[in-house]
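Undergrad: Take the sequence shown: its letters are residues 519 to 644, numbered as in this note's numbering.
Just so you know, not all the hints are guaranteed correct.
Said to hold, decoys possible - Restraint ranges, calculated between C-beta atoms of paired labels, are given here: (1) M528 to R614: 34 to 42 Å; (2) A536 to S640: 26 to 34 Å; (3) S623 to L537: 36 to 44 Å; (4) F598 to A634: 17 to 25 Å; (5) V558 to M528: 19 to 27 Å; (6) M528 to S550: 28 to 36 Å; (7) H644 to K539: 36 to 44 Å; (8) A536 to S623: 21 to 29 Å; (9) K613 to L582: 42 to 50 Å; (10) I540 to A611: 28 to 36 Å.
Everything labelled a hint here was simulated from the structure, so no lab data went into it.
For each residue, glycine too, the CB sits at the ideal point set by N, CA and C.
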Amino acid sequence: MIWAAGVGGMAGAMLRYALGKIITRKAAAAGSSFPWGTWVINISGSLLLGILYVLTVEGLLPPLWWAVLGIGFCGAYTTFSTFGYETMQLIRAHKRMQAVLYVMSSVTVGIAAAFAGMWLTSYIVH
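Construct the entire structure; sequences and hints are all you get.
TA: Structural data, given as structure tokens:
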């Protein structure tokens, strides 16, 4: 199953890179220094992981596909290291309030997105 996680990871990393660049470019063009690219990717990845979790627990997603999508894709698509790096960049640029908002919103909205994905999927499959 390691190969399955690797295949999913390759796709997740490629999408994260491409989507992150697009979102960051648009945010910068709008004058924002907030790291929207990573924020959107981490939140959407949390939502997707919540959905995949319920599908797996309910037996609707085989273990192989959990390895591809949950472990591989979502693991490479979302990024904790970039989150930490961008937080430190905001602090170094003396944008401490943005750093606090980034950390707080990433954690709370990320958990809420995972919960929403789980709840919505449970509602649909039952």
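Undergrad: Against this structure, judge whether each hint is valid.
TA: Here is how each hint holds up against the structure:
With their beta carbons about 37 Å apart, M528 and R614 fall inside the hinted range of 34 to 42 Å. Between A536 and S640 the CB atoms are about 31 Å apart, so this pair conforms to the stated range of 26 to 34 Å. At roughly 19 Å, the beta carbons of S623 and L537 sit outside the given window of 36 to 44 Å. The beta-carbon spacing between F598 and A634, approximately 20 Å, falls within the hinted interval of 17 to 25 Å.
Checked against the hint of 19 to 27 Å, the C-beta distance between V558 and M528 comes to roughly 21 Å, which is consistent with it. Taking the beta carbon of each, M528 and S550 are about 30 Å apart, inside 28 to 36 Å as hinted. The supplied range of 36 to 44 Å is met by H644 and K539, whose beta-carbon atoms lie about 39 Å from each other. At roughly 23 Å, the beta-carbon separation of A536 and S623 lies within the given 21 to 29 Å, and the hint holds.
Checked against the given bound of 42 to 50 Å, the beta carbons of K613 and L582, roughly 44 Å apart, stay inside it. For the pair I540 and A611, the beta carbons lie near 23 Å from each other, so the given range of 28 to 36 Å is not met.
In the structure shown, a violation is registered for the earlier hints numbered 3, 10, in ascending order.
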